[in-house]
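Participant: Following the hints, put chain B with the ligand in place on chain A, whose structure we already have.
One-letter residues, chain by chain:
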Amino acid sequence: MPITERILGSRALAALTSPHGVDRYLEQINPMWAATEVRARIVDSTPEVDGVATLTLQPTNTWRGHRAGQYVQVGVELPGSDARRITRCFSISSAASLPGERFTITVRANKEAPAGRQSVSKFLVNDARPGQLLHLSQADGDFTLVESPATPTNSHLLMISGGSGITPVMSQIRTLLRDGYNGHANRKVTFLHYARSPEDQIFAAELAEIAEQDNGIDVHLRHGDNFFTAEELADLVPDYRDTDTWACGPAGLIRLVAEAYAESPRLRMEFFKISTGAIAGGSTEGDVSFTRSGRSASNTGASLLEQAEALGLKPDFGCRMGICFSCVSTKTEGTVRNILTGEESSLPDEDIRICVSAPVGDCALAI
Amino acid sequence: MTATISTSVKTEPVRRNVTVAASDPKNPRLTREQLDEFGVEMDVIRQRIIASLGEEDATYIRNIVKRQQQFEVAGRALFYLPPAWPLAVAALSISKILENMEIGHNVMHGQYDWLGDPKLNSRIYDWDNVCPGEQWKYSHNYIHHTYTNILGKDRDIGYGILRMDEDQKWNPYYLGNPLYAFLLMVGFEWGVAMHDLEADLILTGKKKWSETKPLHRGMLRKIGNQTLKDYLLFPALTGPFFLSTLAGNATANLVRNIWAFNIIFCGHFPAGVSTFTEKETEDESRGHWYYRQILGSANITGGKTFHILTGNLSHQIEHHLFPDLPARRYPEVAAEVRTICEKYGIAYNTGPLGKQLFSVARKICKLALPTRTSAAEPTGPVAVPNAA
Ligand code: FES
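Residue numbers (our numbering), protein chains in the order written: chain A, 1 to 367; chain B, 1 to 388.
Here chain A stands alone, though its shape is the one from the complex:
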């Protein structure tokens, strides 16, 4: 329906439907109609292992599809979250999708989230039922299955993942297999995965099947105290530093992998942020980093605006008392306390008014 889409996305229609935009009218009629926004309905929820579920999503026509390895932002108004929409990133686990096509995300419920605190992952795994509407972004991320131009297309591919970091890698392997890859072109794929225990192994049955088949994919699963070492990797893939590699997992694993690769451009990495509970007291502990400008300093306990200015940065500001929203910036990590209300919040990628927010412990700001 390119014609309808062109009309729906046109400037004239945008002007006619301003200030709300076309989507505000369409969604009144049917929540699955959209011109620019992306929404999805959950059509299936399948438990994988304890605390992990795979959700199949039917997106609106506006979904542009995804490349293997990308993630999507999922926004949902959690019951009991005071109607606040909370948005989190999840890697897509199904093979690359075309526009409007269904895809899956595989989610692990965040156990670290303090009891009683709402959490998108907990909700998606435990409570979300088919029919639930989700707000999505378009797929995004560069952790995709593209080889470096230096290597021919039948080069060896290496995937290393840990825990639920398996999801984007799974999307890549599924895409390879679906699109006719069979390893007979002399191309090898090595897949090395770390899980806490066999019971925690996501996609175990499918992985066993993949390992069994004659497809050129070697699957190596490591459980328990079997941590990543460069030696072990060298045993599996002696020239790993010259092999296109995708690594995804918790920060600890990624650090070890990065060390082993020593700046090799062949390594692509992705790690996940975990929202930690509020750190008690100690408002002048930790470091404050301003990620865009690359500046950081130890936390003085003053407002983030003042700390940024002390480092010579010039963030936008107006009232400096929390009423005008001129200073809103994205806190990418850490906990902040609202100076006026004393309220603490630890959500990653949260928009905050930096003139009335002071860091509690480590904190990173996109300034």
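No wet-lab data here; the hints were simulated from the structure.
Hints are supplied without guarantee of correctness; some may be wrong.
Chain B side only, calculated, beta carbon under 7 Å to chain A, not exhaustive [unchecked claim]:
| # | residue |
| --- | --- |
| 1 | 115 |
| 2 | 122 |
| 3 | 145 |
Pairwise CB distance ranges (calculated) [as the list claims (entries may be wrong)]:
| # | chain 1 | residue 1 | chain 2 | residue 2 | range |
| --- | --- | --- | --- | --- | --- |
| 4 | A | 298 | B | 153 | 35 to 43 Å |
| 5 | A | 259 | B | 209 | 54 to 62 Å |
| 6 | A | 11 | B | 178 | 39 to 47 Å |
| 7 | A | 11 | B | 278 | 53 to 61 Å |
| 8 | B | 216 | A | 262 | 25 to 33 Å |
| 9 | A | 131 | B | 209 | 56 to 64 Å |
| 10 | A | 36 | B | 302 | 46 to 54 Å |
| 11 | A | 259 | B | 43 | 32 to 40 Å |
| 12 | A | 36 | B | 211 | 30 to 38 Å |
| 13 | B | 370 | A | 295 | 52 to 60 Å |
| 14 | B | 77 | A | 297 | 53 to 61 Å |
Idealized CB from N, CA, C, for every residue including glycine.
Facilitator: For chain B with the ligand alone, coordinates are given in the frame of chain A:
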């Protein structure tokens, strides 16, 4: 104003030690401690509202948006039925009023940012008005709400066109005060859009036209979009009724302008509302800031529908105390704010629309003429400590 600077320097230490007060000598002079206490009481109310934000607020604003869209669709559609023209204009006017007041103004204040809904986010929403949201947020959310009624800082005092305070020096230009007010009312959205250009400063040579350059692109784009919508596309869509639709849209914009102007002017300019000098608001404490917000604003009494149509700005006092909290909460805390004000002897200016309008109109006419002050009557805040 400038004439008093030399004396104010001399008397400054005295003034600081004694009390802080507004320009209006009728207002109570509270001590720093009293102001702090007062500020804490306001913060308690604020905290309570924040703690109870939730589902109801979300449902409320979404329902208002839905209602407004229904009025808009009805209005736009009725233009196809020429005999229903007055009905069409009425529906569209209500839609535009709801959109500018209860949705646009409040959403762009960041009152609903906590929802995490990009469609109700102050950084994204841009209202149905020729004034670009980006520029309005600067002059309104920051300048007007931070420096409320401080002469020389808050440009909403008379919008650089009118003489709305005795401390604005009179000159013969102000003989036209009532006429300018009328023109500003009729073209209010344009007045608001031109606000940031500070045309008065350009005319008097205090500012160069080239300094306004960064604003031009945004303004032209917004004006273009609004014109395209109301004066070209929608009329064109009604085919043979092009002209009547165009006239209808213009009328609805006019109705909205008149309504918004009157509500806003009743919020800050009835008799008894105070203005302040930069001097007396230096190093202001949080309590003092709250105190100034109350003295610089006035409420309008009325029924529920009326309050909604004003975007709850009929509770201008509460809005100035808590500009970033959902406006629908203002009525529920108004009584309490008023009681606290009484306790401290702070004037709480409120009255029915007719009374406030009359008071504003009188002020506009009175200030068209030079202020006749006898030497005994204090003319400004700085003179007060002198006399003491
Ligand atoms: S500077 Fe106004 S809210 Fe931060």
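Participant: Work down the list of hints and note, for each, if the structure agrees.
Facilitator: The hints, checked one at a time:
For residue 115/B, the suggested interface contact is upheld, since its CB lies about 6 Å from the closest CB of chain A, less than 7 Å. The restraint placing residue 122/B at the interface with chain A holds, with a minimum CB-CB distance near 5 Å, inside the 7 Å limit. Below 7 Å, beta-carbon pairs count as interface contacts, and residue 145/B has one with chain A at about 6 Å; its hint therefore holds. Taking the beta carbon of each, residue 298/A and residue 153/B are about 37 Å apart, inside 35 to 43 Å as hinted.
One distance hint, 54 to 62 Å for the beta-carbon pair residue 259/A and residue 209/B, holds here, with the actual separation near 60 Å. Range check, residue 11/A to residue 178/B: about 42 Å between beta-carbon atoms, so the 39 to 47 Å window is met. Between residue 11/A and residue 278/B the beta carbons are some 45 Å apart, a value that contradicts the proposed interval 53 to 61 Å. Checked against the hint of 25 to 33 Å, the pair residue 216/B and residue 262/A fails, with Cβ atoms roughly 53 Å apart.
For the hinted restraint 56 to 64 Å between residue 131/A and residue 209/B, the CB-CB distance of approximately 59 Å keeps it satisfied. In this structure the hint that residue 36/A and residue 302/B lie 46 to 54 Å apart at CB is violated, the actual value being about 39 Å. A beta carbon spacing of about 50 Å between residue 259/A and residue 43/B contradicts the range 32 to 40 Å that was offered as a hint. About 36 Å separates the C-beta atoms of residue 36/A and residue 211/B, a value consistent with the hinted range of 30 to 38 Å.
For the pair residue 370/B and residue 295/A, the supplied restraint of 52 to 60 Å holds, since their beta-carbon distance comes to about 56 Å. Between residue 77/B and residue 297/A the C-beta distance comes to about 59 Å, which sits within the given range of 53 to 61 Å.
The structure does not agree with the numbered hints 7, 8, 10 and 11 stated previously, though it agrees with the rest.
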